[in-house]
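> One-letter residues, chain by chain:
There are 2 protein chains.
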Amino acid sequence: MNKLAIISLNRIEIRDSFWDRYIGLVREIIIPYQWDILNDKLEDVETSHCIQNFKIAAKREDGEFYGAVFQDSDLAKWIEAVAFSLAASPDPELENRVDEVIDLIADAQDKDGYLNTYYTIKEPGKRFQNLMEGHELYCAGHFMEAAVAYYRATGKDKLVHIMKNFADLICEEFGVDKNSRGYPGHQEVEIGLYKLFEVTGEVRYLEQAKMFLDRRGDRPNYFLEERERPDFKQIFDEFKNYDIAYSQSHLPVREQKTAEGHAVRAGYMYCAMADIAAAYDDMELLEACEKLWDNMVYKRMYITGSVGSSGILERFTTDYDLPNNSNYSETCASIALALFGRRMAQITRDAKFYDIVEKALYNTVLAGIAMDGRSFFYVNPLEVWPENCIPRTSKEHVKPVRQSWYGVACCPPNIARTLASLGEYIYLADQDAIWVNLFISSSVRTVFKGKEVELEMSTRFPYDGQVTVSVNSQTAVRGTIYIRIPEYVKEYTVHMNGVAMEAKAGEDGYLALETELKSTIITLFFGLKPRIVRANPLVKEDVGKVAVMKGPLVYCMEEVDNEPNLPAYFLDPGAGLSEYYEESLLGGTSVIRCCGKKIKSDGWDKEALYTEMKPEFEDKELTLIPYPYWGNRKTGEMLVWIKELF
Amino acid sequence: MNKLAIISLNRIEIRDSFWDRYIGLVREIIIPYQWDILNDKLEDVETSHCIQNFKIAAKREDGEFYGAVFQDSDLAKWIEAVAFSLAASPDPELENRVDEVIDLIADAQDKDGYLNTYYTIKEPGKRFQNLMEGHELYCAGHFMEAAVAYYRATGKDKLVHIMKNFADLICEEFGVDKNSRGYPGHQEVEIGLYKLFEVTGEVRYLEQAKMFLDRRGDRPNYFLEERERPDFKQIFDEFKNYDIAYSQSHLPVREQKTAEGHAVRAGYMYCAMADIAAAYDDMELLEACEKLWDNMVYKRMYITGSVGSSGILERFTTDYDLPNNSNYSETCASIALALFGRRMAQITRDAKFYDIVEKALYNTVLAGIAMDGRSFFYVNPLEVWPENCIPRTSKEHVKPVRQSWYGVACCPPNIARTLASLGEYIYLADQDAIWVNLFISSSVRTVFKGKEVELEMSTRFPYDGQVTVSVNSQTAVRGTIYIRIPEYVKEYTVHMNGVAMEAKAGEDGYLALETELKSTIITLFFGLKPRIVRANPLVKEDVGKVAVMKGPLVYCMEEVDNEPNLPAYFLDPGAGLSEYYEESLLGGTSVIRCCGKKIKSDGWDKEALYTEMKPEFEDKELTLIPYPYWGNRKTGEMLVWIKELF
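Chains as they are written, first to last, in numbering that gives the first Met the number 0: chain A, 0 to 645; chain B, 0 to 645.
One thing to keep in mind: the hints can contain errors.
[Stated by the list, open to error] Straight-line distance between alpha carbons at most 20 Å, and here's what the computed EDC-like set of lysine to aspartate or glutamate pairs gives:
hint, chain 1, residue 1, chain 2, residue 2
1, B, LYS256, A, GLU386
2, A, LYS351, A, GLU486
3, A, LYS256, B, GLU606
4, A, LYS599, B, GLU540
5, B, LYS596, A, GLU486
6, B, LYS256, A, ASP604
7, B, LYS613, A, GLU540
8, A, LYS351, B, GLU611
9, A, LYS239, B, GLU611
10, B, LYS599, A, ASP318
11, B, LYS613, A, GLU486
12, B, LYS596, A, GLU540
13, A, LYS351, B, GLU237
14, B, LYS605, A, GLU289
15, B, LYS605, A, GLU486
16, B, LYS351, A, ASP604
17, B, LYS398, A, GLU486
18, B, LYS605, A, ASP293
19, A, LYS239, B, GLU237
20, B, LYS613, A, GLU490
21, B, LYS599, A, GLU643
22, A, LYS599, B, ASP318
23, A, LYS298, B, GLU611
24, A, LYS596, B, GLU643
Read the hints as simulated data drawn from the structure, not as lab findings.
Start from the sequences, fold in the hints, and give me the full structure.
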């Protein structure tokens with residue numbers, strides 16, 4: 000399949016009023032902060048011991064392994080985020096630090112290529128014997144991704160060589176020769192192997208990734224057999240009663256039609272399935288990807304682009320089961336969804352995937368990080384009642400306040416790498432065309448039929464619907480600019496070099512402007528107004544309710560702007576929505592106000608809990624802010640789905 | 000405190016169109032069925048091994064202990080249910096079987112009075128060393144209750160003697176002499192000791208019960224110290240991270256103001272607090288009871304009279320947190336609530352407690368048992384979506400279909416003893432007065448100032464509001480008939496011997512009819528109509544919704560009578576509620592119909608999950624049946640709180 004290409008980050012520069020504050024946090028706050036954590040330099044943060052584990056494995060220091068079985072992956076994610084950041088903005092000191100840590104990784108690697116400090120220090124001789132829980136292949140995958148990102152950013156290939164050594168060992172251990180049936184308990188190495196194949200051209204890495212996918216859904220199930228071995232040692236208590244659907248091992252991947260199990264595992268697997276489908280022209284696999292995508296986004300996804308609605312086990316449940324106050328909706332699962340959607344867009348060239356990628360990035364991924372970059376949400380509820388989020392209940396996992404760096408720090412570094420690689424989501428390219436998928440002020444250099452073309456996008460999206468794309472080419476070249484028309488844009492106008500033109504998006508959701516490019520200015524006016532959105536009435540939790548959106552942004556009510564007991568509010572959709580840009584609020588954001596009513600609770604305090612009293616309404620103005628910004632002020636209630644006043 | 004007396008069951012005869020079918024089940028189905036289970040005679044039921052454990056402890060047979068640490072309590076509850084049943088309807092064969100099993104219990108008892116087959120067989124020498132989890136005192140309490148019930152029903156005191164021996168040992172072990180600080184991890188022995196004191200007059204049993212209560216809330220906490228002992232052996236995995244509030248040990252009982260922790264433990268403790276408050280004229284303790292009662296019923300109780308809203312740990316959470324589809328609301332917790340309420344009514348002579356007792360009995364307790372007596376609900380949700388109640392989610396505990404007898408069979412025998420002792424809830428008595436608390440056709444013999452008085456109540460309550468109470472006395476005697484006027488009765492008329500009379504309930508909620516009794520007929524007409532009820536708007540899950548009730552009965556929608564997707568229905572309260580009695584439905588019940596609308600989901604299947612489509616309503620008739628009867632037909636959705644059409 001002729002996939003669209005990602006344009007490398009060092010050819011993209013983002014300068015965007017909406018995103019800059021977040022991207023800046025990665026470089027200024029998160030990367031240095033995480034480095035301190037990896038080195039245990041922060042007192043009030045749970046001990047990481049990550050670098051220390053590498054030093055012990057490298058025999059530079061003595062000591063014991065400390066941390067989770069997947070502790071190494073924190074370093075991999077840090078390197079990947081740094082690599083993406085370096086690609087966009089070089090920083091020799093930071094690069095030097097990475098080089099040093101890569102030297103350390105090389106020293107920590109076993110002679111045969113094996114790399115995992117938990118097993119090297121703590122359980123030598125036990126490698127690859129607990130694939131269900133061991134996370135060695137998961138960590139390997141993250142280091143492969145980091146290696147490729149660092150190579151692409153800097154041209155330095157030492158980490159690629161380290162990971163090639165490990166990949167070779169993995170191919171040997173899990174390849175056809177050894178008659179192996181194993182595959183990872185947490186998908187990720189498939190993505191890493193594919194990327195390693197992309198930069199090295201080593202086909203056996205591709206083959207190994209495919210093999211891992213093809214083995215899933217085996218009968219008898221590999222993990223259930225593995226745990227029966229006499230020397231099997233359980234790592235996680237909660238896996239005692241293991242459900243093979245948790246790791247999507249319940250069916251061969253090609254036969255999976257519904258999104259099941261742990262949402263992050265699922266998302267990473269779907270990414271790998273898309274990679275392999277494209278590489279092998281495997282239509283059956285691509286169809287499975289499409290079915291899984293449809294099931295997710297049509298039946299199991301929140302309006303905020305989050306997935307995994309069960310608070311227990313961070314997993315998918317059943318169609319239309321989308322509770323708002325007890326869901327998990329892990330930030331990492333939305334990142335996985337965005338990664339999967341981008342791959343599907345690369346393969347199918349259909350803009351519909353980007354409607355979801357955009358939703359996930361603008362809402363859940365951003366909500367995952369505080370505006371100061373120092374605290375994070377794992378869990379992304381759509382309704383919060385802080386006093387009620389208490390331990391030992393079904394809301395134990397719901398946090399009304401972002402937490403500082405946690406022990407299992409998957410989400411913070413995952414957010415960091417996503418923000419640092421945002422450029423990779425904006426554009427896609429073919430040899431004589433470029434696809435504009437997200438509306439983020441930026442410039443990009445690409446090549447049309449061997450000729451350098453520069454494109455500059457300027458917009459105040461999502462608050463304003465004007466998007467200007469200027470194309471500059473040294474020499475005139477014929478090419479096509481594809482501009483995604485989002486599903487929520489019902490009206491738009493297009494001007495080319497100041498002249499209004501009749502242009503309509505095709506069935507693929509893109510406006511295709513094929514033209515002689517030299518110095519071309521395309522101006523789009525999207526009719527972007529706040530709008531009322533409703534869920535399919537089969538979503539029991541949302542029927543009779545509305546959400547407010549503008550562009551991809553979901554808005555929510557917070558107690559600080561309204562009165563307590565948000566579920567007692569009713570929004571009157573007929574009264575219209577007014578948007579105000581408030582410069583001083585949350586670093587500058589738009590606020591949406593609308594009219595409605597609220598059921599009064601005055602006088603009830605002396606009454607029984609249940610009476611025949613009629614509800615008394617009072618007129619109220621409702622104030623909403625963008626969902627990603629919730630929880631950045633006073634702790635209080637938050638609500639996305641508001642009752643509709645009929 | 001001069002408490003009202005319970006009238007003994009052998010002086011009460013119930014013949015009631017609403018209750019008979021359930022009471023009959025106890026005798027005909029549950030008692031023989033449970034006997035077979037205790038003896039492992041049923042193949043498709045989880046092994047009980049209960050009688051076998053006693054045989055092994057009695058050295059009549061060889062073998063190992065099998066079952067939970069509290070397995071013995073199943074036998075105690077069976078004996079208590081049988082005793083209540085025998086009091087109402089003698090059955091020599093059944094009585095004989097109990098006598099034999101009491102002989103077995105005597106043989107299983109250690110020489111020093113200790114009685115617990117788990118510790119005797121499996122952990123000899125470990126008795127009373129794990130009070131947090133060991134349940135020895137819990138089982139003892141149930142055997143004490145059984146002993147007293149059997150003595151009251153039959154006059155036979157062998158089991159009372161057995162339990163006196165054990166009670167003496169408990170007093171010695173936990174009394175003042177030994178400087179003990181221990182108290183039970185699951186309250187129940189306090190109730191048992193109090194009852195044993197009632198029939199034996201042994202004041203030290205009363206004192207021991209008080210001591211157990213007084214110790215709770217100690218600092219440092221006894222259980223947390225106990226578990227630090229080197230030889231401590233954890234029994235339950237889920238108690239590893241023990242929260243002392245779980246067993247209400249977080250504060251001295253007199254300082255507790257909110258209902259916390261495991262709801263059944265809490266309820267049994269509140270019962271004991273009421274017993275002790277009355278016995279010692281302890282106003283401080285009674286005030287604590289009143290505060291805890293108010294917190295429960297004003298802030299933490301479902302409209303169905305159930306408590307313990309957390310699906311995890313079967314516990315109380317925070318004020319107004321009453322989720323409808325993921326709650327626990329254990330049947331046993333409603334039984335405990337009824338037991339507590341009855342005690343409070345005995346002490347305070349205030350009818351308000353009976354409003355709750357009645358709610359619990361008519362709704363949650365009855366819902367706990369299928370109409371054929373063969374399957375049971377532990378968990379009592381107010382909204383059920385069967386396809387979504389799946390393992391490994393926060394609805395794992397919610398069962399859309401009643402289960403047959405389970406391993407931890409606390410609820411089925413608890414329902415059995417409650418139904419078998421229903422008479423004890425109907426009337427209360429003083430030396431020259433009788434209180435009519437529930438409206439259940441029955442006759443009762445009581446004594447007014449030494450003179451035998453017979454009272455007969457006849458009604459078709461709760462479907463019909465007419466209640467006739469006929470009093471007959473051989474010789475004329477002056478006395479008072481107190482008739483409870485439920486909170487939901489806003490209008491009523493009273494006739495005495497056919498003559499209408501002006502009569503009003505006092506502040507205590509009772510209509511007091513003081514008269515010369517000889518042959519007196521009192522007829523009440525309660526204006527009982529179906530009614531719309533709303534929750535305090537601070538109950539976030541119910542704001543904007545209504546429930547339908549008639550008398551104490553809550554009504555609910557079931558999918559079998561309506562269309563799927565019940566949350567899409569809106570009830571129009573202005574359109575009125577019509578009640579129909581359907582002879583052939585569910586053994587004869589009233590059905591309530593009302594008008595409303597439903598949001599259509601037609602056409603949505605081809606749409607995205609979230610769109611700007613406006614909801615389309617269609618007119619619908621809503622059909623509701625009594626909540627206790629739900630789940631007796633086809634598996635499907637069920638809903639109590641329905642959206643209100645404003």
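> Quick one: which hint numbers does this structure break? Sort them smallest to largest.
5, 9, 13, 17
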